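Protein chains: 6
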Amino acid sequence: MTQPLPELLLEPLVRAALIEDLGPNGDATTRAVIGPDVTYSAQLNAREAGVVSGVQAAVIAFRLVDPALKVSVQHPDGARVAPGDTILTIDGAAASILSAERVALNFMGRLTGIATLTAAFVAETKGHKARITCTRKTTPGLRLVEKQAVLHGGGSPHRYSLSDAILIKDNHIAAAGGVPQALRTARDRAGHMMRIEIEVDTLAQLEQVLATGGADVVLLDNMDTATLTQAVGRVAGAVVTEASGNMRLDRIAEVAATGVDYISVGALTHSAQVVDLGLDF
Amino acid sequence: MTQPLPELLLEPLVRAALIEDLGPNGDATTRAVIGPDVTYSAQLNAREAGVVSGVQAAVIAFRLVDPALKVSVQHPDGARVAPGDTILTIDGAAASILSAERVALNFMGRLTGIATLTAAFVAETKGHKARITCTRKTTPGLRLVEKQAVLHGGGSPHRYSLSDAILIKDNHIAAAGGVPQALRTARDRAGHMMRIEIEVDTLAQLEQVLATGGADVVLLDNMDTATLTQAVGRVAGAVVTEASGNMRLDRIAEVAATGVDYISVGALTHSAQVVDLGLDF
Amino acid sequence: MTQPLPELLLEPLVRAALIEDLGPNGDATTRAVIGPDVTYSAQLNAREAGVVSGVQAAVIAFRLVDPALKVSVQHPDGARVAPGDTILTIDGAAASILSAERVALNFMGRLTGIATLTAAFVAETKGHKARITCTRKTTPGLRLVEKQAVLHGGGSPHRYSLSDAILIKDNHIAAAGGVPQALRTARDRAGHMMRIEIEVDTLAQLEQVLATGGADVVLLDNMDTATLTQAVGRVAGAVVTEASGNMRLDRIAEVAATGVDYISVGALTHSAQVVDLGLDF
Amino acid sequence: MTQPLPELLLEPLVRAALIEDLGPNGDATTRAVIGPDVTYSAQLNAREAGVVSGVQAAVIAFRLVDPALKVSVQHPDGARVAPGDTILTIDGAAASILSAERVALNFMGRLTGIATLTAAFVAETKGHKARITCTRKTTPGLRLVEKQAVLHGGGSPHRYSLSDAILIKDNHIAAAGGVPQALRTARDRAGHMMRIEIEVDTLAQLEQVLATGGADVVLLDNMDTATLTQAVGRVAGAVVTEASGNMRLDRIAEVAATGVDYISVGALTHSAQVVDLGLDF
Amino acid sequence: MTQPLPELLLEPLVRAALIEDLGPNGDATTRAVIGPDVTYSAQLNAREAGVVSGVQAAVIAFRLVDPALKVSVQHPDGARVAPGDTILTIDGAAASILSAERVALNFMGRLTGIATLTAAFVAETKGHKARITCTRKTTPGLRLVEKQAVLHGGGSPHRYSLSDAILIKDNHIAAAGGVPQALRTARDRAGHMMRIEIEVDTLAQLEQVLATGGADVVLLDNMDTATLTQAVGRVAGAVVTEASGNMRLDRIAEVAATGVDYISVGALTHSAQVVDLGLDF
Amino acid sequence: MTQPLPELLLEPLVRAALIEDLGPNGDATTRAVIGPDVTYSAQLNAREAGVVSGVQAAVIAFRLVDPALKVSVQHPDGARVAPGDTILTIDGAAASILSAERVALNFMGRLTGIATLTAAFVAETKGHKARITCTRKTTPGLRLVEKQAVLHGGGSPHRYSLSDAILIKDNHIAAAGGVPQALRTARDRAGHMMRIEIEVDTLAQLEQVLATGGADVVLLDNMDTATLTQAVGRVAGAVVTEASGNMRLDRIAEVAATGVDYISVGALTHSAQVVDLGLDF
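Chains as they are written, first to last, in our numbering: chain A, 873 to 1153; chain B, 873 to 1153; chain C, 873 to 1153; chain D, 873 to 1153; chain E, 873 to 1153; chain F, 873 to 1153.
In short, the hints are calculated from the structure, not lab data. Where hints are given, some of them may not hold.
Note that the list lumps identical chains together, so a pair holds whenever it fits in one copy or between two copies.
[What the hints assert, rightly or not] Straight-line C-alpha distance at most 30 Å; calculated DSS-like pairs for lysine-lysine:
id, residue 1, residue 2
1, Lys1001, Lys1041
2, Lys1041, Lys1009
3, Lys942, Lys1001
4, Lys1009, Lys998
Please read these numbers as outputs of a predicted model, since none were measured by experiment.
Excised from the complex, chain A in its bound form (with noise of 0.2 Å):
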């Protein structure tokens, strides 16, 4: 099971939401015509069938509108959902749970809808190796939630930032002037606790890598299926192999085949699709 986060960490990113929706003096709509003392029982309920994700992010923007409210969890991140089933139920001020509504659907339909695309991903891997991973093609100030979706639909995690692990692009290739200078400093510049990854797009490039030596991820690049199994052969485990590029869904059983270890999935984040929910009284 996928931890939650730390809440130093996450409460500034919902906080920031709420005030976006609230605008710079409040709901306007609830102060106008709900008075302080009608209280609600409401539902967040699946429409759709998914892999829950943004609880947490839902519970904190609850709380945070009013720590009166109750709020309990039928379906946490991770969990799988149906149409109709319950994932939190929230008791009191009417107005506080519909000032709240919006920003807790906005971060639970973006975010169970990547964990329920990585969901698919992951399940076309099945008898294989393969794990699904991510890019940081991820919405701008969101890359917390985002990443953390993808595990909760079971996938695994990539470099978080540039600060975490090198990767070594074609760009940063020509401009270091080739793959051996590319990987030698950044093997005397990275230090023993980063991994370094660097992208090949032939079996030539892979061969320079191989001879060079230093890397310790292989991202096999925009490569058709025959010539991902020739490079995982190559490779024989020396190093980790990470497959990328125009990774569709319906390609992932043919790749996960060619027994690679990573495929990684830049639509994940940048392409999932909104999955339904909503608040019902």
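Mind docking chains B, C, D, E and F on chain A? Use the hints.
Same frame as chain A, but now just chains B, C, D, E and F:
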């Protein structure tokens, strides 16, 4: 032409996205493999057709990473591009361009997606007065740029946050004790500079709204086209009409033909597909 | 009754004020001279009559300095007080009460002044439909609480910021090229959820506005009472009317008698006298 | 001449005020009605006589909204102006000038009011050594500029916050167990770089303070002029004297004549009238 | 006993340190290897003798990471500990304790080092009135807690920042045009609540300062002990004296014997050795 | 050569340090005694030998206080200096230079100390492959610049925060239920871009780690040199080795001779002595 956003408001968003992507101590890859005197001339190119949005953010991203980069814009926000068109060019330190690339693309891919989808909806309204507008179903933290992308695509603004207009939905009506109560207290408290919109799901509710008075806009929610036509006819220009709920692209022409004033589409911001863009060197 | 402000929005304001007053390393006086186990029971009392505002901020100030303080409110925001009335009582550590005192009083003195002055203006409108409203002439940083104080005094809201409504003044008209140009582009871009107000200084301009259409509110600026009467008569309910400019308290009854809908008064927020309050032990 | 405030400290204040006034998505009016190529030459003029303050903030406001605006200062902070005098001129994009106008005026009107009122108090001390000073009764969030406005008006600084000096008031004395206990622990903990002031309400208390020693300044609170004269005579220069409480303008000459060193006036910051200024095009 | 720092000021410091150490997405190790229901009872123990400081920060660190942790303090800030003494105990989720451990120790090791070194200097002044104080040579960002650690060790406060006292050094004197010019403008502008200190390097300069008047404190900089003795004798209590420059521990007894009032030691904050502390389970 | 830190990350740190040192209303001394037209030419000089670090921060400090200052760097970060060497020169307003001086020196003294101490450790490894690295025992808030100072001194990076690598210590092993359990769940959850290190205190534990597999690095903690030699021999290059615990300078040559890959030294950041630098005019 939509005017640019104030930099006072947009810059902090781009800055935060860069800090998120750089991570706590910067771009390990460029630092390790690219010398400070390698320079590049790069083009940010469209790989799909679309309506551009996010250029202002991208320009700020490159400038924040390195004020010495020279950025020039060929296709500004709101322009239509064909595959292969160059949107902007960047000249300067290769390391700087590569460190800012992902953030620039993350903004532009998503926002161009929204502008492009909006333009597709707008195209369907041709020959009718109906205007396409969006909702509060935006990505947490990105409302500023997503609402702007809708304008770039030819859409019309809706309320920005809970502060600036009153929109009385079914749950508000229930909590207020009915349509007349809700509209009367809303009118009393809204003052003279705030619009009031109220949701109706049936023609009977519409009658109640018209009888009570006080609404500027009526939201015709989840109605089939026949009912919409009846509702618009019944209103007869007395208030502004907005159709909402299940507004798929293939239905817009028919909905616009009902004579409705506005069609609001949550999908513009929550379900637009990212548009493929790339940085070429 | 005006509902309280969202704590998400108000708390940062109070927190910043406390940090400003505590200075970089805290209250040197209480730290030096008062032991941690000295307790007090204090009353925050009115020394003048008025309409209370700022209680919500004061309660937050005491709580932020010391969550163990017990604060109870006798006269909430919006209540009328006479000299000597106790607005709130605080029990707990003397050092905490004394450290928070000044900030609590600085908020309450100023905001009670605004609410009290507003109430005086509102009283002058008795028997007429005219409502008193404020402007953007608020103290930098305090708009949230000053606009709320106007509500506590019985006033009506105006636009909150430059974002939420369009108000076309003389300089805008000049820059736009005339009233018709200004109103037409405004109406085209405002969308359906934003009100448009336009300033007129003469009856001739008023005719132009009415002929053009597109305005929701007309600002009758700096007119004498006779002209105001004519203007209101000419409008005849076609749009909302707001009188502005030189709206002294002793003139309000006469202005209200013209039948104008709203009277906006910059002095409410920029020239209210602080109301004398004190903390008694 | 009072030197300008450090921009590192002042700019965030102006930036926050602009963000408050622009609202979450910017100036809807100028965006809708003014094209980007309309330029203006504007003058910020005094409509009343006074001592100017807030110019530094106003200049920053125009620059933050649009670095391309050309701003030149005719009457800097601290200068005396007559009605009609131009304080600063601004040339550039009309939309930028109009978007920054209100914030610039909100700072300048209030701060010029404080400087002008201070100058009036200072004028009453002519022929005496007494200097006018202010208190901590400043507007929450604006202490930096309000204390500076007092200097612009010829006033003298007081402690800035609770951190930088010790001021023992009646409630502190009570909590400490008496004047001797309060002064002794204060002197012991204050170190050598912090002044200690103590409030006395009677001549008997003054004797106690002088007998105990350890005070740098004695605050003669709410005394009538005769008692003040006696107190100042009794002190005979042994410590600095500050008169406080009910220090109306019409009483200052008489109070100054007692020979007191400082006269502190809360009204300078909490009750100054805004000075009328306007932007003319 | 030194009273605790206001949480309003200290908490943001601890929060920032935790966010720095957690990194952008939290503690990868505990998340990966420790289940949420493993609990620990941990003791934070001294491994060396010293005077404790940083306990208040450590307690906040554990609470911020996990409000459910039970923390109890055996040796509060300012207490002396021997090797093996338990300073505080923490009970609760193992993952939470381990995630907060490093930040708690980083604060406490450094601050206990400062308090311990201060206490060593204070011990050398025994039998003399001289008090040990610190300088502005603190770690960027940590002045609040480092100055407090000096108090925990028995030291006396100096000015906190450039805002709260005037300290005229040699370069200021040169820029001002001499001692008399510097002291006169300083006295004129400082007001009555700010102390003025001036540096002298020779007895001749001291004469000039005494002749000019206006200084509260004289900084006797880099003098040998014989000269210090002469200087203190010459001052004869007319102003406060502070010795500074090259104040090594082994010289303090001799310096204190000169009769100087204060001895300021930059090394307290810039060169204290970290004290060894550890968390035992 | 170590490349400079991104200004986006470093500038906020320097800005915060300046705001801390300026205090809430700026430098009272320079404001009082130095006129705005006094200019200086100042040199920041080394008074001891060392390896420079903190120059980038110092340059930013001078620029933030006054963009008109001209700063030129003679010895950049990473350069060796002898006593008397000029590191940078600053020309411009004397008041600006003096206001920024302390913050510039506080950064540089501490960071140059770290770089210099690191270089001393690095010198001891001469002739061996061992590289010197640091730990998370950094000053709260300064990790960015302290880790960079280690690089300036010739050290190698370690993990930056808890987010970017897994380091399983004894307490984690205990909580996980043993080495095999800890390593297996770590490997499963770490993904392919995160290194895993595990601490061993004995050769028996080392066997267990090697038998389990999954570790990239083994931390040989608190071993005597003989045991270290055995451990390194046993590992035989199968994983990276890091020696840690009690790594005093006088022991490094001997430790390096064991053939260990990395030697981590907490003292680099927690116990480096400040290097003496001064600003001369």
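Now for the hints, and whether the structure bears them out:
no., hint, in the structure
1, Lys1001 - Lys1041, "both (25 Å within a copy, 29 Å between copies)"
2, Lys1041 - Lys1009, "within (15 Å within a copy, 33 Å between copies)"
3, Lys942 - Lys1001, "neither (43 Å within a copy, 43 Å between copies)"
4, Lys1009 - Lys998, "within (25 Å within a copy, 35 Å between copies)"
In terms of the numbered hints stated before, the structure departs from hint 3 and from no other.
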